[in-house]
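Q: Spelled out, the chains give:
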Amino acid sequence: MSDVLEAAHVSRYFDVSKPWLQRVLTGGRRAVLRAVDDVSFAIPKATTLSLVGESGCGKSTVARLAVGLYEPTAGSIRFEGQPLSAARAQASLRRRMNMIFQDPYASLNPRWRVRDIVAEPLRAFKILNSPREITARVGELLTQVGLSPADGEKFPHEFSGGQRQRVSIARALSSTPDFLVCDEPTSALDVSVQAQILNLMRDLQQRLGLTYLFISHNLAVVRHMSDRLGVMYLGRIVEIGPGEDVFRTPRHPYTRLLLDAIPDLEMVGKPRTPVGGEVPSPLAPPPGCPFHPRCPLANDRCRVERPDYTVARDTLVACHAVEEGRS
Amino acid sequence: MALLDVRDLTVEFPTRRGLLRAIDNVSFSIETGEILGVVGESGAGKSLTGASIIGLLDPPGRIVGGQILLDGKRIDNLSPERMRAVRGKQIGAIFQDPLTTLDPLASIGSQLTETIQTHLRLSDREARERAIKWLEEVGIPGARARIDAYPHEFSGGMRQRVVIALALCAEPRLVVADEPTTALDVSIQAQIIELLKRLAREHGMSVMLITHDMGVIAETADRVAVMYAGRIVEIGPVMDVVRHPKHPYSEGLMGSIPSLEHRVERLRQIDGAMPRLNAIPVGCPYNPRCPKVFDRCRVERPNLLDAGATQSACWLYDKVPAHV
Ligand SMILES: Nc1ncnc2c1ncn2[C@@H]1O[C@H](COP(=O)(O)OP(=O)(O)OP(=O)(O)O)[C@@H](O)[C@H]1O
Ligand SMILES: Nc1ncnc2c1ncn2[C@@H]1O[C@H](COP(=O)(O)OP(=O)(O)OP(=O)(O)O)[C@@H](O)[C@H]1O
Ligand code: SF4
Ligand code: SF4
Ligand SMILES: [Mg+2]
Ligand SMILES: [Mg+2]
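The listed protein sequences correspond, in order, to chains U and V. Each residue of the first sequence is one higher than the last, beginning at 0 in numbering that gives the first Met the number 0. Each residue of the second sequence is one higher than the last, beginning at 0 in numbering that gives the first Met the number 0.
Looking at chain U on its own, in the form it has when it is part of the complex (with noise of 0.2 Å):
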């Protein structure tokens, strides 16, 4: 199986600074933050990557990294096997990669009418030339979401949170992508819309053989959409496999941590165990294992040398618990 998209050693820092002057006033240093630090995964045509992790640890920065939205700051990344800046300027590969973003209003543009947001790449890409036929995908991409036809004539202020996250995705479908980006796709839908987009996105998958890049905290979610599961920290992938393996056998300690914290729907009232100490700032990594600080299985080791990735069956795992056969 050929791999849609492909992502090899990639970082992405951002320059925080303070700016020049406050530096010179005040004597700040300049900082840099590694908002995605050494990652590289693969992603086969027609399945489903997931990527899971605290706030902040960077899977957003990855998304907008896979779509070409940001540039890296090393590595390469590739869609179809050519780089992705060379894909992204011809404009039949780039009508074929899309994103739903995680901001739902604010990636939609408030002074146009929702039939004309979700047409919007279907004229651009000149994919359908006709408004009757412009009218009849829009309408058919607004009810397969769980909105009307009629919804169409309406502005994004006019919609509910979770009725305008459908809005952009229906547009991100209407230029039928076989690489869709999603991040945070239903987190303003109530479970029922919920379960019908997502089983929207698994027909598509199954019918069309799109591949997606997936994110969401709701991990109940990502288990039911993923093929392959990559947990991130700090910036970096610690762990990433099979869903079913990662989910059935997590490996690295924070995977374990994470996968503890689930809340449930059994446990009415009973505190859930929170992955305790501090989350360290991006600005200021720790050494070594970025995760030492709060890692049960620490040792000296893992607090100078940062681990490289062990082989467990099919699943990476960066620990050196695990290399070394102690977790």
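None of these hints come from the bench; they were simulated from the model. One or more hints might be untrue.
Derived coverage of chain V by chain U (criterion: at least 3 residues anywhere in the stretch with Cβ under 8 Å from a Cβ of chain U; other residues may be distant) [said to hold, decoys possible]: (1) 28 to 42; (2) 101 to 113; (3) 149 to 155; (4) 178 to 184; (5) 256 to 263.
Every residue, glycine too, gets a C-beta built ideally from N, C-alpha and C.
For this one, chain U is given, so just place chain V with the ligands on it according to the hints.
A: Frame of chain U; chain V with the ligands shown alone:
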């Protein structure tokens, strides 16, 4: 006396296509220190109910009927200036859309200190220290170093936590929290939930918690209201509503929750879509999708009826035989 009392709230939007009734006769109350969860179909009117309470209903939407009382005093008819004073000090708001709450041109720190100083008499330095404390309280790592950052430099979940800090820093008596934890990972989510529960328990803060996350509801709320097409269709103690829902819509909703235990080919969903506001069916609004529908449902509209531990707007729970 309940801290918040909402009576027969009705909200309409005049549009070119006629009047749209988005909230239809909604009544509920929240006690001091109580957390009321609000769940329901996307577009059911949860956010509009919250916006009505905090007096931030966007025109042309307007309250056309009913009353909202805080501590026994009406707040739905206050002048904009008086309402602004109530908001912030008495009622805090966490909006669904963090970006619209935050000023993109002001640093996180200046937005927090300004809010704190509007409500509490503190020096600049004290207010700044308190702002850092609140950022730590909502789990922003390296708060002291990052307080001068601008909203776009924060991740989605970090911005959401700033919004939570902004709503809580004036120590209001009631917080309307619209999807406060959806952009957050499970661990931060647990921390925010703990914070809300602690403020409710120790400071008697009341919370109206709007969310789609049933796990969060089960863990946090004392009671839950389920909304559908502008109305409350079921309300009662959290365990009863989540585990033994009485209304057929609540049943369908609880049945759609994806399980973490096993993976299925297709998730269960409620077939069909919620009616558009200008085409609410006669009788029970849920009747076109309801597996238990019977004749009466298509003619008469049910109000909340006692259904064991909860109240449910469904004719199945009418003890008086129908006259149809
Ligand atoms: N444009 C930017 N300038 C400076 N820092 C940034 C920028 N974008 C992201 N960051 C920082 O990079 C880190 C990763 O952010 P990212 O948005 O990728 O996180 P995330 O994993 O998507 O989090 P969430 O789950 O909260 O959405 C964060 O510390 C964030 O503050
Ligand atoms: N400005 C407006 N003009 C017309 N209709 C509106 C306007 N604002 C909201 N509505 C409608 O009112 C209804 C209720 O909206 P509300 O935002 O309260 O839903 P919600 O329950 O919060 O949904 P979600 O879970 O998706 O956030 C929706 O059907 C929406 O389309
Ligand atoms: S390398 Fe060490 S500190 Fe890092 S996760 Fe493994 S055991 Fe824990
Ligand atoms: S009143 Fe009738 S249609 Fe409505 S929920 Fe009850 S059984 Fe279903
Ligand atoms: Mg993100
Ligand atoms: Mg809403």
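Q: Which hint numbers does the structure go against, in order from smallest to largest?
A: 2
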